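Enquirer: Please build the complete structure, drawing on both the sequences and the hints.
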Amino acid sequence: MSKIDFYSHLASPPCRAVQIFMKVNGIPFQYHHVDLPKGEHKTENYLRINPIGKIPAIKDGDFCVLESMAIVQYLAEKFSTPDHWYPEDIAVRAKINEYLCWHHTNTREGAGYLFFEVVMIPKIRHLPRNEETIKSEKMKLSASLDMMENYFLNGYPFIGSNEISIADLFALCELSQIERLGIDIGKKRANVKAWRERVIAKLGSYYNEAHETIIGFARHFNVTTEPFE
Amino acid sequence: MSKIDFYSFFASPPCRVVHTFLEIAKIPYEYHTIDLIKVEQQSEEFRKINPHGKVPAIVHDGFLLTESIAIVQYLAQKFKTEDHWYPSDSKKRAKIDEYLCWHHSNCRQGTGVLFFHVAIATNVRKQPRNEDVIKERKAKLTDVLNFFENYFLKDSKFINSDDISIADIAAIIEFQQIKYIGIDIGKTRPNVKAWRDRVIARLGPTFDTIHEPLGKMTEPMQITEDFE
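Residue numbers (the working numbering), protein chains in the order written: chain L, 42 to 270; chain A, 579 to 806.
A portion of the hints provided could be inaccurate.
Unchecked claim - Distance condition first, Cα-Cα at most 30 Å in a straight line; then the derived DSSO-like pairs of lysine-lysine:
| hint | chain 1 | residue 1 | chain 2 | residue 2 |
| --- | --- | --- | --- | --- |
| 1 | L | K83 | A | K765 |
| 2 | A | K632 | L | K234 |
| 3 | L | K44 | A | K732 |
| 4 | L | K176 | L | K164 |
| 5 | A | K658 | A | K670 |
The hints are simulated quantities; they were obtained by calculation from the structure and are not laboratory data. Values in this document were obtained by computation on a predicted structure and should not be read as measured data.
Expert: As structure tokens, then:
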């Protein structure tokens, strides 16, 4: 089978999730680095591949898929990955889809947007911190972690399931972003703490490899610990 | 197969998405009103059914599911609805999933929050208009509609497809909401206009019936919000 063309920047949580999924499942791909800081995602060349101008994107021959979750769902089927990633069982799949839907305006907003406000705004755009927005995003993050603790991981070792799935991959890749701010997501949440360790163990070296970019990024910008309870 | 217990409120767009699909796909269900204005979603009775305390929710043979998109995906598969609603072909499905993912942080963000600030905050709660948020949400809506015009509907009659799917239901429900504040999404966008008319025609009288209570609620407000 020919390689998947993968357009990405590993500072982005959704890009990390797609890369880790492909590596763990031995899916052959060609990595194309999209230089976000230089605005490469807005260039004509890239917009021809992804008219929405975002990453990640994949091309399977001439067939293009945008949106990281849609990408991973497509690849799981095309490459017949082990069932637990995105189960055939309609009810189990539904619980994974339930998390994936909820993720966009909860985990992603609480974690990804917080990182953006605390790091990108002052360090890259050289604008003052918006403390009101940061406070609101911390509340979102706290509420999201509570939902993980009390609902999605209540009675399950993984999100809504007894086995690891793409839901766990997307959740942890997003939360790992704010771990760069020195935030310990498992500090007061025993289910989240245990889940995090379980997921990292399952993903092995591919997890660390995918995070090298964001770790280097945080180091380069001297990102310090952000208070969070 | 037993029927779906469906917990819903007319004023919530995600609830109307599920309601529309249940009706159009002729899936047997029982409608349970959870009055959000009376904050019934926080009641002990509802929390026993759904500890999450949110609508829409379904319970099917003891199986609880929330999140409107996950619910319609489940219903399409479980009740083996007509293939075009959620195609089994992996490439066709991937393009529908692409929209469904994008929907949460885009379409929904451009319409729902705008409607809230213009209709509810100002008209119902009598708060002063938050012009900053309204302006920001209109800018979002402009981007969203441009993507519809130039990408999702560029080469197809429906969203990323030649036939109607659950993606079109999710989108049309959000856009119909802002019609009640006087916004015509097809005013300057011919692809969007044609798509909207096509989808509403396909959904038929079901669509109008489901929107009646919302129409009754907003009609006295007589809002015509500026938008190009």
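Enquirer: None of the hints should be skipped; say for each whether it holds.
Expert: Results of checking the hints against the structure:
no. : hint            : in the structure
1   : L:K83 / A:K765  : holds (27 Å)
2   : A:K632 / L:K234 : holds (26 Å)
3   : L:K44 / A:K732  : holds (28 Å)
4   : L:K176 / L:K164 : holds (18 Å)
5   : A:K658 / A:K670 : holds (17 Å)
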